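**Q** Required output: the full structure, derived from the provided sequences and hints.
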Amino acid sequence: MAGEHHGHDVKAPTQSEEAMIDSAVSAGPPSVTEAATIVDHQGKVIRDGTNGFICMPESAAMGPMCNDGVWMAMLGALMAGEPFERREFGLSYMLAGEGGAPGVSNIDPAATEPTASNQWVKEGPHLMIILPDPKAYAGISANPADPVYVMWKDTPYAHLMVRTEDEN
Numbered sequence: 316m317a318g319e320h321h322g323h324d325v326k327a328p329t330q331s332e333e334a335m336i337d338s339a340v341s342a343g344p345p346s347v348t349e350a351a352t353i354v355d356h357q358g359k360v361i362r363d364g365t366n367g368f369i370c371m372p373e374s375a376a377m378g379p380m381c382n383d384g385v386w387m388a389m390l391g392a393l394m395a396g397e398p399f400e401r402r403e404f405g406l407s408y409m410l411a412g413e414g415g416a417p418g419v420s421n422i423d424p425a426a427t428e429p430t431a432s433n434q435w436v437k438e439g440p441h442l443m444i445i446l447p448d449p450k451a452y453a454g455i456s457a458n459p460a461d462p463v464y465v466m467w468k469d470t471p472y473a474h475l476m477v478r479t480e481d482e483n
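Per my numbering, residue 316 is the first one in the sequence shown, and the count goes up by one each step.
Keep in mind that a hint or two might mislead.
[Claimed, not checked] Label pairs and their computed distance ranges (CB to CB):
#1 Lys450 with Gly415: 34 to 40 Å
#2 Asp423 with Gly391: 14 to 20 Å
#3 Glu332 with Pro429: 28 to 34 Å
#4 Lys437 with Glu400: 27 to 33 Å
#5 Asn366 with Val463: 32 to 38 Å
#6 Pro429 with Asn366: 31 to 37 Å
#7 Ala334 with Ala451: 35 to 41 Å
#8 Val463 with Met394: 42 to 48 Å
#9 Pro344 with Glu403: 20 to 26 Å
The hints are simulated quantities; they were obtained by calculation from the structure and are not laboratory data. Being a predicted model, the structure only gives us computed values, none of them experimental. Ideal Cβ positions, reconstructed from N, Cα and C, are used throughout, including at glycine.
**A** Right, dumping it as structure tokens:
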């Protein structure tokens, strides 16, 4: 899963398990990462966890992330091109930012490269939050220049982006 970007296979760099773990745990706070499951770029478990979070290392397509089960379900639906049925709060940490990954469209979840109209963004450290009720996003900015904004507004994959510090 981490070796793909919105349904497109992306070749992941070869890394040792230790390097993948180091990269993956950079995504979240120790209170989350110490007990999180760590997976490699193909989704294979390289360290079992106990807290329900799954952390993955940086790949060519995206920075390192630590996701709860709701976020993993949303990413699975997105990569399969299926709608996501939100029912509860979801949390994803990307405290190491996008790293060397190219970024993502703020408008089109399926976009794989920037265009003149898809608001391509590359974020520094941030949190991503799925709200259970899509109506809760009403009135929240979709402008990626704001410290909190809705990404992929008006899609089944809408979520809050919460910048925790500026991109370096």
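**Q** Are the hints correct? Go through all of them and say.
**A** Do the hints match the structure? See the list:
1. Evaluation of the 34 to 40 Å hint for Lys450 and Gly415 yields a pass: the beta carbon distance comes to about 37 Å.
2. For Asp423 paired with Gly391, a C-beta distance near 19 Å keeps the hint of 14 to 20 Å intact.
3. Taking 28 to 34 Å as the suggested C-beta distance range, the pair Glu332 and Pro429 conforms, at roughly 33 Å.
4. Between Lys437 and Glu400 the CB atoms are about 29 Å apart, so this pair conforms to the stated range of 27 to 33 Å.
5. Checked against the hint of 32 to 38 Å, the pair Asn366 and Val463 fails, with Cβ atoms roughly 25 Å apart.
6. Distance hint check: the CB atoms of Pro429 and Asn366 are about 36 Å apart, consistent with the given range 31 to 37 Å.
7. Taking the beta carbon of each, Ala334 and Ala451 are about 38 Å apart, inside 35 to 41 Å as hinted.
8. Remark: the range hint 42 to 48 Å for Val463 to Met394 is contradicted by a beta-carbon distance near 26 Å.
9. Hint check: Pro344 to Glu403, Cβ distance near 21 Å, so the stated range 20 to 26 Å holds.
Checked against the numbered hints listed earlier, the structure breaks hints 5 and 8; every other hint is satisfied.
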